[in-house]
Amino acid sequence: MERMLERSMPQQVRNENYLVIAHIYTATAAIALGAVFGVFQGFSRAGALNAPVWFDYYRILTMHGVLMALVFTTFFITGLSLFVTYRSIPRPRKLALAWFGWWLMLAGTAMAAVTIVMGDATVLYTFYAPLKASPWFYVGATLLVLGTWVVAFEIFENVYFFRKANSGKAVPLVVYCSAATFVMWIVATLGVVAEMGLLIPWAFGWTPGINVMLTRMFFWYFGHPLVYFWIMGAYIIWYNIIPTRYGGNVFSDGLVRLTFIMLILLSTPVGIHHQFMEPGISPMWKMLHTITTYGVAIPSFITAFAIFASFELYAIKQGRRGFIGTVKALPWNDPTFSGAALGMLLFILGGFGGLVNASYSMDTVVHNTIWIVGHFHVTVGGPVALTFLGAAYWLIPRLTGRALWKPDWALFQTRLWFFGMLIMSISMHYAGLLGAPRRTANVDYLGAAAAQTWQPYMLLAAVGGLFLFLSIAIFVAVAVGTLVQNQKTEPFAADFATPASAADTTPPLLQHLFRWGVVALGLAVLAYAGPLGELLRHPGYLAPGMRTW
Amino acid sequence: MHVHKYERWWLTFGVAMLIVFLGVIVFAAIADNINPPTGMTQIDPTKVAQTPPFDKPGLRKLPDGSYEAYYVAQVFSFAPASVTIPIGSKVTFFVTSPDVVHGFFIPDTDINMMAVPGWVNTDSHTFTRAGEYLLICHEYCGIGHQNMFAKIEVR
Ligand code: HEM
Ligand SMILES: [Cu+2]
Ligand SMILES: [Cu+2]
Numbered sequence: 001m002e003r004m005l006e007r008s009m010p011q012q013v014r015n016e017n018y019l020v021i022a023h024i025y026t027a028t029a030a031i032a033l034g035a036v037f038g039v040f041q042g043f044s045r046a047g048a049l050n051a052p053v054w055f056d057y058y059r060i061l062t063m064h065g066v067l068m069a070l071v072f073t074t075f076f077i078t079g080l081s082l083f084v085t086y087r088s089i090p091r092p093r094k095l096a097l098a099w100f101g102w103w104l105m106l107a108g109t110a111m112a113a114v115t116i117v118m119g120d121a122t123v124l125y126t127f128y129a130p131l132k133a134s135p136w137f138y139v140g141a142t143l144l145v146l147g148t149w150v151v152a153f154e155i156f157e158n159v160y161f162f163r164k165a166n167s168g169k170a171v172p173l174v175v176y177c178s179a180a181t182f183v184m185w186i187v188a189t190l191g192v193v194a195e196m197g198l199l200i201p202w203a204f205g206w207t208p209g210i211n212v213m214l215t216r217m218f219f220w221y222f223g224h225p226l227v228y229f230w231i232m233g234a235y236i237i238w239y240n241i242i243p244t245r246y247g248g249n250v251f252s253d254g255l256v257r258l259t260f261i262m263l264i265l266l267s268t269p270v271g272i273h274h275q276f277m278e279p280g281i282s283p284m285w286k287m288l289h290t291i292t293t294y295g296v297a298i299p300s301f302i303t304a305f306a307i308f309a310s311f312e313l314y315a316i317k318q319g320r321r322g323f324i325g326t327v328k329a330l331p332w333n334d335p336t337f338s339g340a341a342l343g344m345l346l347f348i349l350g351g352f353g354g355l356v357n358a359s360y361s362m363d364t365v366v367h368n369t370i371w372i373v374g375h376f377h378v379t380v381g382g383p384v385a386l387t388f389l390g391a392a393y394w395l396i397p398r399l400t401g402r403a404l405w406k407p408d409w410a411l412f413q414t415r416l417w418f419f420g421m422l423i424m425s426i427s428m429h430y431a432g433l434l435g436a437p438r439r440t441a442n443v444d445y446l447g448a449a450a451a452q453t454w455q456p457y458m459l460l461a462a463v464g465g466l467f468l469f470l471s472i473a474i475f476v477a478v479a480v481g482t483l484v485q486n487q488k489t490e491p492f493a494a495d496f497a498t499p500a501s502a503a504d505t506t507p508p509l510l511q512h513l514f515r516w517g518v519v520a521l522g523l524a525v526l527a528y529a530g531p532l533g534e535l536l537r538h539p540g541y542l543a544p545g546m547r548t549w
Numbered sequence: 550m551h552v553h554k555y556e557r558w559w560l561t562f563g564v565a566m567l568i569v570f571l572g573v574i575v576f577a578a579i580a581d582n583i584n585p586p587t588g589m590t591q592i593d594p595t596k597v598a599q600t601p602p603f604d605k606p607g608l609r610k611l612p613d614g615s616y617e618a619y620y621v622a623q624v625f626s627f628a629p630a631s632v633t634i635p636i637g638s639k640v641t642f643f644v645t646s647p648d649v650v651h652g653f654f655i656p657d658t659d660i661n662m663m664a665v666p667g668w669v670n671t672d673s674h675t676f677t678r679a680g681e682y683l684l685i686c687h688e689y690c691g692i693g694h695q696n697m698f699a700k701i702e703v704r
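Listed in order, the protein sequences are those of chains A and B. All the letters of the first sequence, read from the start, carry residue numbers 1 to 549 under this note's numbering. All the letters of the second sequence, read from the start, carry residue numbers 550 to 704 under this note's numbering.
Please keep in mind that the hints were generated in silico from the structure rather than gathered at the bench. The reader is advised that the hints may include incorrect statements.
[What the hints assert, rightly or not] Keeping only pairs whose Cα atoms sit at most 30 Å apart, straight-line, the calculated DSSO-like set for lysine-lysine is: (1) A/K317 / B/K554; (2) B/K700 / B/K639; (3) A/K169 / B/K639.
Here chain A stands alone, though its shape is the one from the complex (with noise of 0.2 Å):
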């Protein structure tokens, strides 16, 4: 371990790297065996693959939903937070909770995993009840989420401190936009946690039966904000780091910390959208949600401007006008930049097919087709992905102090990755508007006419998969190849964007995290008061649950 890093990086920030690396690493381990998984799906579906008895379809997609969706991004949002805390707040420091929080991560994802392996727990990464996994699966889980519990409380330690010792002055950008993360993220998880509360009692045998819809709505008051807690992992990245790769700036820090509190207040009291097609919840309820769901787009219409206005601004100082002088201004050749530009084109797709799945009445067209699986690999799978293994080749040389190995192989990985994820997931989105289904193990249906037209389009979708997982091949080639290949020395300090105009001051009103993170707990419980209310006034039939599997 120890010529991993550096010699001449001081032993704080050493310490403090040893830490970062332990999440990284453990996310790219998820996305790397997530992407074996994934291939193996994408061929098997396509009717392409002459699986073995032993292949289990479901097994594996409940391998490869938790570790991408769970697994690869929360290690990844908590290590990069945590790296953007600790140098941005620089100070002698004990790291022995932090170490406690991801090992409660990694205990709680062994635990869940080894039930999967094992075949206990082949309830995909919904978990819905009453489909009835082994208790430790659940177990594991909650401990999963209890450890990131344990690095929001590390980072608010440091919010606190920073504020404390400089009287109250506003936190730099980057820390303030991780602490909102997991402010977010707290009041999301209390959600899954109030789930938890239910499933573990239950799985143990120590109640009779499960209330299903209860669970449903617990698990998608957390299940959409799941989805902004990646979002706004990217946005970090994309506001703080993205414009030190071409020497731009921050477009409006007010505005950064703007839209960080909106993602607060608007993530959690949306989760219906994802229920608009069960019994149980008036079509009122469903509607508010919709309502509340636009609402949640303002925040990323203010981010979409605000980048592109950092990157015109640089342009125009470069002497370049236009929109093709600025794309020629930006630095297309950087893996960094060039994960986040891309992601964010993807991000486009995604967009428009987000407001097609919120939209209430249309969602009847695709819900649960797998034009749903295109819709979230070109949103986490795109954007988030993408921008995370971009950052991963800014972030590994600032913890090791090595230049990255390989750094061409960089590149090519993040454009490899990009037309990768547009072959898969516009095939899935089209083989879902003919009918396709999502999460079912390749079957023709005994030759029905409406299969025979989507199953070209899954095998195209295969395809974009195998250039996907080829591209994470090479993703950990260069991850694991600066760490003990190369002894090229790098700078180490980070360096984050600063705001276009020093005169840009922050409204003390944007400061106070927590009391935000107060009013967000209190809209959730506004728009679920009414459709929680209802379930709990029927009766609530108990199912006894079962294995299907």
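Given the coordinates of chain A, work out where chain B with the ligands should sit on it, guided by the hints.
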């Protein structure tokens, strides 16, 4: 905090678009009654087989010429497994599940709903095109999920 002139325009435009989209959805919901399926009736999931009308799943013709179709979605099949419907009929589907959550999806129509234990979900569709339709379970329900489908023949 300063908000740039262009940014104000952009946000006004964005919010206006959102309001227009929302307006269309709300209008369709109120004026044309285009809503997602929402059954508010309950049923004891442990007694589905004894509870009429789900004790005898199948198609019923109503006096006004339309149909009601009662379906039980259970691992890993639908009852009834196949029905025949005269072309041009309006069919109101009712579905529940005695075990885990299932999907109830007929590609090429606007029938798309979840069958949740404890609840009866419902939606209707007028079949104007003849042919064989697939009814698919599109929510993972266990090891045989991909084999869970039924046929609807429209003649
Ligand atoms: C090598 C790259 C990848 C490939 C080839 C791939 C492929 C697939 C395929 C074929 C499915 C299953 C479709 C179905 O049966 O419903 C799937 C599901 C999924 N993928 Fe990926 N994927 C990749 C990367 C990612 C990434 C980076 C993420 C997120 C960070 C992700 C998140 C998911 C999720 C959440 C599901 C849904 C699981 C479920 O419905 O239970 N995937 N993927
Ligand atoms: Cu959502
Ligand atoms: Cu099923």
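Going through the hints against the structure:
{"no.": "1", "hint": "A/K317 / B/K554", "in the structure": "holds (20 Å)"}
{"no.": "2", "hint": "B/K700 / B/K639", "in the structure": "holds (17 Å)"}
{"no.": "3", "hint": "A/K169 / B/K639", "in the structure": "violated (66 Å)"}
Violation of the numbered hints given earlier is confined to hint 3; every other hint is satisfied by the structure.
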